[in-house]
Amino acid sequence: MIKTKNLTKIYKNGSIEVKALVDVNLHIENGEFVAIMGPSGSGKSTLMNILGCLDRVTSGSYVLDGVDVSTMGDRELARIRNRKIGFVFQSFNLLPRITALHNVELPMIYSGISARKRRKKAELALEKVGLADRMHHKPNELSGGQRQRVAIARALVNNPAIILADEPTGNLDSHSGEEIMAIFQRLNKEGATIVLVTHERDIALHTRRIISFRDGSLVKDEPVTKPVDAVDMMAKLSDMKDKHNI
Amino acid sequence: MNFLESIKVAVNCILQNKMRSILTMLGIIIGIGSVVAIVSVMQGGQQEMNKTLEKFGTNRLIIQLNWNEWDKITSRDYLTEGDIQAVREMGEDIVAVSPLINYGSTAKVGKEKEDLLIYGVSPEHILIENIEMVKGRFINDDDYKSKRAVIVIDEKLADKLFEEEEAVGKQIVITAGSQNNTVTICGIIKAQDSALGSIMEGNRSTVYMPITTVNKMFYDDYLYAMSVKVADSDKIDEVGQKIIDLLHRRHRNENKYIMQNLTQAIEQVNQFTSTFTLIIAVIAGISLFVGGIGIMNIMLVSVTERTREIGIRKSLGANRNDILIQFLIEAVIISLIGGILGMLLGISVAYMISSLAKWPPVFSIGNIILSFAITTMIGIIFGVYPAYKAAKLDPIEALRFE
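Just so you know, the sequences run in chain order A and B.
For the first sequence, my numbering gives the first residue as 1, with consecutive numbering after it.
For the second sequence, my numbering gives the first residue as 1, with consecutive numbering after it.
Hints may be right or wrong, so weigh each one.
Within a straight-line C-alpha distance of at most 30 Å, the following computed DSBU-like cross-link-like pairs (lysine-lysine) qualify [what the hints assert, rightly or not]:
(1) A/Lys19 to B/Lys108
(2) A/Lys12 to A/Lys220
(3) B/Lys216 to B/Lys235
(4) A/Lys84 to B/Lys160
(5) A/Lys84 to B/Lys392
(6) B/Lys389 to A/Lys84
(7) A/Lys117 to B/Lys8
(8) B/Lys256 to B/Lys389
(9) B/Lys392 to A/Lys3
(10) B/Lys113 to B/Lys160
(11) A/Lys19 to B/Lys389
(12) A/Lys12 to B/Lys392
(13) A/Lys138 to B/Lys389
Derived DEER-like restraints, expressed as beta-carbon distance ranges [as the list claims (entries may be wrong)]:
(14) A/His136 to B/Phe372: 46 to 56 Å
(15) A/Thr225 to B/Phe401: 33 to 43 Å
(16) A/Asp242 to B/Asn321: 24 to 34 Å
(17) A/Pro223 to B/Asn12: 44 to 54 Å
(18) B/Pro360 to A/Glu141: 46 to 56 Å
(19) A/Arg75 to B/Gln16: 44 to 54 Å
To be clear, the hints were calculated from the coordinates, so they are not data collected in a lab.
None of the values given here were measured: they were computed from a predicted structure.
For each residue, glycine too, the CB sits at the ideal point set by N, CA and C.
Kindly generate the complete structure, drawing on both the sequences and the hints.
See the structure below:
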């Protein structure tokens, strides 16, 4: 599914070279739920951008879904992003002036799907994240958790090969965060491949594999033997809240 | 991306920034508006001139005494019946010749009063001017020789004076100086509407009488002018000059006669029109250029404001072309709306000018299509740079933009 070989990314800023990623060899299979961890400056954002086909490698190769994308041009990369990748960002990145439904339709506009089919698929995706009754709201009429769910629906809607989530719970309170993780866990159980970038170990423990980066290199790759169940966590959190209120 | 979708996004964006969009369009509105207004009024004027030309009679010229040097004119320079005959016998270049004189007068029937412009002519005049008889007859040789008190009036005047009644055979009283003369209507001609003509004739009704009768009424025996119809309009100046030379030979004088024909006047008007059109085109061009710069400016602002949106769209799979087309369409739509508003403005201004000028404006489909084409071009030309700037934004940078 994702296969990188000696993936290296070097930024040139005048005469200064910054090695953001050095010889990364990564292998993620279909149906995995992986967390990529590391402190800031570890190269995890750069990796995210490359895996998301927003950026190109300096050297090495990146094969996504059986296709080598490291040599592709802008136009083809845009197509790959559209068909094979679903992004979920920390700051949601919804268009503010259009409804949730229209936001979810956006990727399909660029894949040339007819208006009626677009609408139907967008409605289904929103139902899947539990927002059937909020379709016609604009982002500023939704809570943070709801906005992130719209973003997940948007990421799902084109049936991508992978979902890339960059700190998806970073702007949310812990309860909404658990809600989002619960959705990810459910999607993963249904077969979705999810790569999640985070610097919070609590969040990473919801996944089934944690890959750690430091100074642009892959330093640790460990399975999570007993992932945290987000639904249980939500129950615990509301218990705690109740106790404090009393 | 879907073309329709781009249009929707663009329209939404323009609606969200109404004030800003209208201000941006102002240059285009004024540019297109002034062109549409001026061009349609001018075309109306030109159409009006053609009508006047038709009424005057094509291939027609008037030879008259050179009143520019009136102090040098003596009685031996005046035209004679012999001159008319000599011109008539000049050859096949000449179709018809008639002496010509005109006086302002008033017609009275009972209490009705109308201002007149009396043309004293010979029966041949009907061959020179485009006159269409509706009823009765034009003045004839007997009227001319016997100086009969007969008059030919047009339908409009007949309606005014007699309403439903039969006007031919009726008598009217016309004034000549302080005297009143009773004349009989012998024929009615079709009225010709021409705004330019009515300005020239001061809203008076044109009537025709035998020049012999008119001279008797106004106590004047001299001929000052003749009206000539030539066979070939291309040779009108040449023939006119020949006539003038002939007259000078006959009267043994020089520089006493001049010719007047509408082609000269039309040439002058056309020259004025084209100069004026050029000036307007330059002003409109400047206005449209400034309008285009305005569009470019606002599009650059829009691209900056929407950097994050561009990043989001790119992350979702929009390629450079999708973004380029989206912003280009927005620029074209702003320009086109400006063009449409400009056209509406131009049309209303044209009607306002025309109500003062007394002729209707002419709006041609060609001009409207041209206006649309020009505004579309402006949108593309001035929208392409901002759109290109948007298209080549780096998605990662754009997504980071606050």
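Handout entry: B/Lys389 paired with A/Lys84 [C-alpha distance capped at 30 Å]
Key = Measuring from Cα to Cα gives roughly 27 Å; hence the hint holds.
Does the Cβ-Cβ separation between B/Pro360 and A/Glu141 fall within 46 to 56 Å? holds, 55 Å
When you check the alpha-carbon spacing of A/Lys12 and A/Lys220, does it fall within 30 Å? Since the Cα atoms of A/Lys12 and A/Lys220 sit roughly 27 Å apart, the hinted pair holds (cutoff 30 Å).
Does the beta carbon distance between A/His136 and B/Phe372 stay inside 46 to 56 Å, or does it fall outside?
violated, 36 Å
- Query: Can the suggested window of 33 to 43 Å be confirmed for the beta-carbon pair A/Thr225 and B/Phe401?
  - Reply: Given range 33 to 43 Å: holds, Cβ gap about 41 Å.
- Item | Given pair status - B/Lys108, A/Lys19, alpha carbons within 30 Å | Given pair A/Lys19, B/Lys108 is violated - Cα atoms ~108 Å apart, limit 30 Å.
*Mind checking the alpha carbons of B/Lys392 and A/Lys3 for me, to see if they're no more than 30 Å apart?*
Cα-Cα ~29 Å, so holds.
Review point. Are A/Lys138 and B/Lys389 close enough, with their CA atoms no more than 30 Å apart?
Key: holds, 28 Å
Does B/Lys389 sit within 30 Å of B/Lys256, going by the straight-line distance between their CA atoms? Violated, because 74 Å separates the two Cα atoms, which is more than 30 Å.
Given pair status - B/Lys392, A/Lys12, alpha carbons within 30 Å: Holds: A/Lys12 and B/Lys392 sit about 20 Å apart, inside 30 Å.
query: Within 30 Å, alpha carbon to alpha carbon, are A/Lys84 and B/Lys160?
result: Measuring from Cα to Cα gives roughly 86 Å; hence the hint is violated.
### Query
Are the Cα atoms of A/Lys117 and B/Lys8 separated by 30 Å or less?
Satisfied, since the Cα-Cα distance of roughly 18 Å is no more than 30 Å.
In terms of the numbered hints stated before, the structure departs from hints 1, 3, 4, 8, 14, 16 and 19, listed from lowest to highest.
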